[in-house]
Amino acid sequence: MSAVVKPFSVRRLPGFGAIAILTFVLLYLPIVILVFYSFNAGQSQSNFEGFSLRWYAAAFANEQVQEVSVRSLWLAAAAAGIATVLATLAALGTTRVARFPGQTMIYALINQPLMVPEVVTGIALLIFVAFLKVQTGYTGMGYLVASHTAFCIPFAYLPIRARLETLDPTLESAAADLYASPVQAFRFITLPLLVPGILAGFMLSFVISLDTVVITEFVKSAGQDTLPTYMLGQLRRVVTPEMNAIATLFLALSLVIVTAFFLLTRKRG
Amino acid sequence: MSDRPEIEIAGLGKTFGQGANAFTALQDIDLTIDTGEFFTLLGPSGCGKTTLLRLIAGFEAPTKGSLRIGGEEVAGKGPNERPVNTVFQNYALFPHMTVAQNIGFGLKMLGKPRAEVDKTTKEMLALVRMEAMADRKPSEISGGQQQRVALARALAPRPRVLLLDEPLSALDLKLRKEMQGELKRLQTETGITFVFVTHDQEEALTMSDRIAVMSAGKILQLGSPSEIYHRPSVRFVADFIGETNFLDLPVTAVESGKATVALPGGTQAEASLPDGLTPAVGDTVTTVIRPEQAQVVAPAEADMTGTLESHVFFGTDTYLHLRLPGGEPFTLRRQNTVLADEPEPGTEMPIRLTPGALRILRE
Ligand SMILES: Nc1ncnc2c1ncn2[C@@H]1O[C@H](COP(=O)(O)OP(=O)(O)O)[C@@H](O)[C@H]1O
Ligand SMILES: [Mg+2]
Chain A
1 MSAVVKPFSV RRLPGFGAIA ILTFVLLYLP IVILVFYSFN AGQSQSNFEG
51 FSLRWYAAAF ANEQVQEVSV RSLWLAAAAA GIATVLATLA ALGTTRVARF
101 PGQTMIYALI NQPLMVPEVV TGIALLIFVA FLKVQTGYTG MGYLVASHTA
151 FCIPFAYLPI RARLETLDPT LESAAADLYA SPVQAFRFIT LPLLVPGILA
201 GFMLSFVISL DTVVITEFVK SAGQDTLPTY MLGQLRRVVT PEMNAIATLF
251 LALSLVIVTA FFLLTRKRG
Chain B
1 MSDRPEIEIA GLGKTFGQGA NAFTALQDID LTIDTGEFFT LLGPSGCGKT
51 TLLRLIAGFE APTKGSLRIG GEEVAGKGPN ERPVNTVFQN YALFPHMTVA
101 QNIGFGLKML GKPRAEVDKT TKEMLALVRM EAMADRKPSE ISGGQQQRVA
151 LARALAPRPR VLLLDEPLSA LDLKLRKEMQ GELKRLQTET GITFVFVTHD
201 QEEALTMSDR IAVMSAGKIL QLGSPSEIYH RPSVRFVADF IGETNFLDLP
251 VTAVESGKAT VALPGGTQAE ASLPDGLTPA VGDTVTTVIR PEQAQVVAPA
301 EADMTGTLES HVFFGTDTYL HLRLPGGEPF TLRRQNTVLA DEPEPGTEMP
351 IRLTPGALRI LRE
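Sequences listed follow chains A and B, in order. For the record, in the first sequence the residue sitting at position 107 is 107 according to my numbering, with numbers rising by one throughout. For the record, in the second sequence the residue sitting at position 353 is 353 according to my numbering, with numbers rising by one throughout.
Okay, chain A solo, but in the shape it has when bound (with noise of 0.2 angstroms):
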């Protein structure tokens, strides 16, 4: 009865603890540290000297870092918008056809973003935008819209499209069955089943749009700061823990919104 042959596993390797210890120590450290000097009475970020939230009102009394905020939640939200009706469009136009030929280049266009260099992606747009800014003298939000738009897509597209590839097409033929016009079927049926896809993209899209900071500060011009190019610009001065409670309000907000994508992705039992 000892012969029992035990299947390989990755647990049993030496070291396999430690490393997953020293792992999670990387990746939440620092973090735990930021939160922890946001609430420092003192103006130290390696000196203790009591709990305080004087830092945070000190943000929220901090004018600048309102209009940033706001600069970057309006943008996100419009560029999570169209990124998503315009992510619908495609995963519906790649997903629910006959095959047709050059499908896999499309997908791969449609996705650019993910497998080009975002930095490259920014000098391009560097580039492209002053040009456009030379030749219309038009300065203003539209570009970052676009290109936050443009960046989005395919993280709207990847959970509407894997939603979609869910759905059992008979649904629509039975549809069509009982009388429903195309326009009925995609209204009665696929739009209300693809509603999960379609919040999960439009959340993630609006998390990536918040986040970006590479994108932002190529496009931008004066006085378009977003809240992370934003606090960039302020760590090359003097950082006050005041940092560490807007970096502190802006990793909660994030943490509900991809908490909640979780939630709308998540297999039901």
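Mixed in with the good hints, there may be bad ones.
Listed next, with one range per pair, are the computed distances between beta-carbon atoms [claimed, not checked]: (1) B:17 / A:109: 26 to 34 angstroms; (2) B:111 / A:108: 39 to 47 angstroms; (3) A:85 / B:111: 25 to 33 angstroms; (4) B:129 / A:182: 28 to 36 angstroms; (5) A:127 / B:19: 24 to 32 angstroms; (6) A:142 / B:78: 24 to 32 angstroms; (7) B:78 / A:108: 27 to 35 angstroms; (8) B:137 / A:182: 24 to 32 angstroms; (9) A:27 / B:110: 37 to 45 angstroms; (10) B:158 / A:141: 52 to 60 angstroms; (11) A:85 / B:17: 50 to 58 angstroms; (12) A:32 / B:137: 41 to 49 angstroms.
Think of the hints as simulated: they come from the structure by calculation, not from any bench. Keep in mind that this is a model prediction, so the values were computed, not measured. Backbone N, C-alpha and C define an ideal beta-carbon position, used for all residues, glycine too.
Assemble the complex: chain A is given as a structure, and chain B with the ligands must be docked to it using the hints.
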């Protein structure tokens, strides 16, 4: 059942793909289905049953031929424009709607007033005995109940024709028997024409008014269950349905509609002929006879004699596997009405064939 045609199909064909990849799933189907009929398409997997249903429903366009429903040509009409509803093999219930919403969907799409939708939904729920489940989601009811909801959903708009694609194949045996009775009841009560697809010959025989036996994209024979069973016209049909003895026999005389053949051992026996087939005297023809249409009799009454090789007892009946003088195998099914001793292998058994049961096949 009336004799008014509900579905008229002429020269209907369907080829998938093009060029070297072309595959003809249906060729030259001619078929008339009467109003109020329980019509079954029977055939092995891949013979084109689903394709024919999909052509009738409008999910697929024919490559050639014409298709009329209720006297009206339906070419170019989408599934939503045909007075036909389908019960899908996997039910295809809308998962985000309740049972009642599923059933009411067709009427809602037809633009019926809310009160009528609700009333008909209630009637349909009662018809399939699902009143208690009206507010459940499809994922919250059993497979048999989903089946009934799918039926109610397809019946609710009162289509001229109901198409059922192997609707019972996902159910276990007991539930399947129950649903067979249920389907038959619903068909009689509603008077709607049913076109039912199955690969199960027993299901086809017990439920249908008429059966079309299909193979490789063609209808091989069309008739009532007893015609299909007792009067097969080709080998495939005889073989696919029930158990059969095949005997190659010489023709000794031909009259209109029947012929005389010489059985092994020389006895002359009458055999029926498929329509339009007239063999010549001296031809060898393939004949069929069912195992239950041969009896063990006294030697004086025998048409031929076989030697017992083995037997299989299964309660009501015993199969006797014999060998005829020419070496042909022959199976006889004896009903165990008396407590007979089981015979020894090697016993000579005098056999009589039920008069008129012998059938010549078109080959
Ligand atoms: N869309 C299609 N494209 C190519 N071949 C098909 C298609 N649909 C069915 N076929 C082929 O047509 C034949 C008949 O299919 P089907 O009608 O589904 O058979 P059945 O329902 O009798 O099992 C099969 O060989 C199948 O592979
Ligand atoms: Mg089929």
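Comparing the hints with the structure gives:
1. B:17 / A:109: 26 to 34 angstroms: 28 angstroms, holds
2. B:111 / A:108: 39 to 47 angstroms: 44 angstroms, holds
3. A:85 / B:111: 25 to 33 angstroms: 29 angstroms, holds
4. B:129 / A:182: 28 to 36 angstroms: 34 angstroms, holds
5. A:127 / B:19: 24 to 32 angstroms: Given about 48 angstroms between the Cβ atoms, the range is violated.
6. A:142 / B:78: 24 to 32 angstroms: 42 angstroms, violated
7. B:78 / A:108: 27 to 35 angstroms: 34 angstroms, holds
8. B:137 / A:182: 24 to 32 angstroms: About 25 angstroms separates the Cβ atoms of residue 137 of chain B and residue 182 of chain A, which means 24 to 32 angstroms holds.
9. A:27 / B:110: 37 to 45 angstroms: 58 angstroms, violated
10. B:158 / A:141: 52 to 60 angstroms: Once the Cβ atoms are compared, 57 angstroms apart, the range 52 to 60 angstroms for residue 141 of chain A and residue 158 of chain B holds.
11. A:85 / B:17: 50 to 58 angstroms: Taking Cβ atoms as reference, residue 85 of chain A and residue 17 of chain B lie about 36 angstroms apart, which means the hint is violated.
12. A:32 / B:137: 41 to 49 angstroms: 43 angstroms, holds
Of the numbered hints listed earlier, those contradicted by the structure are 5, 6, 9, 11.
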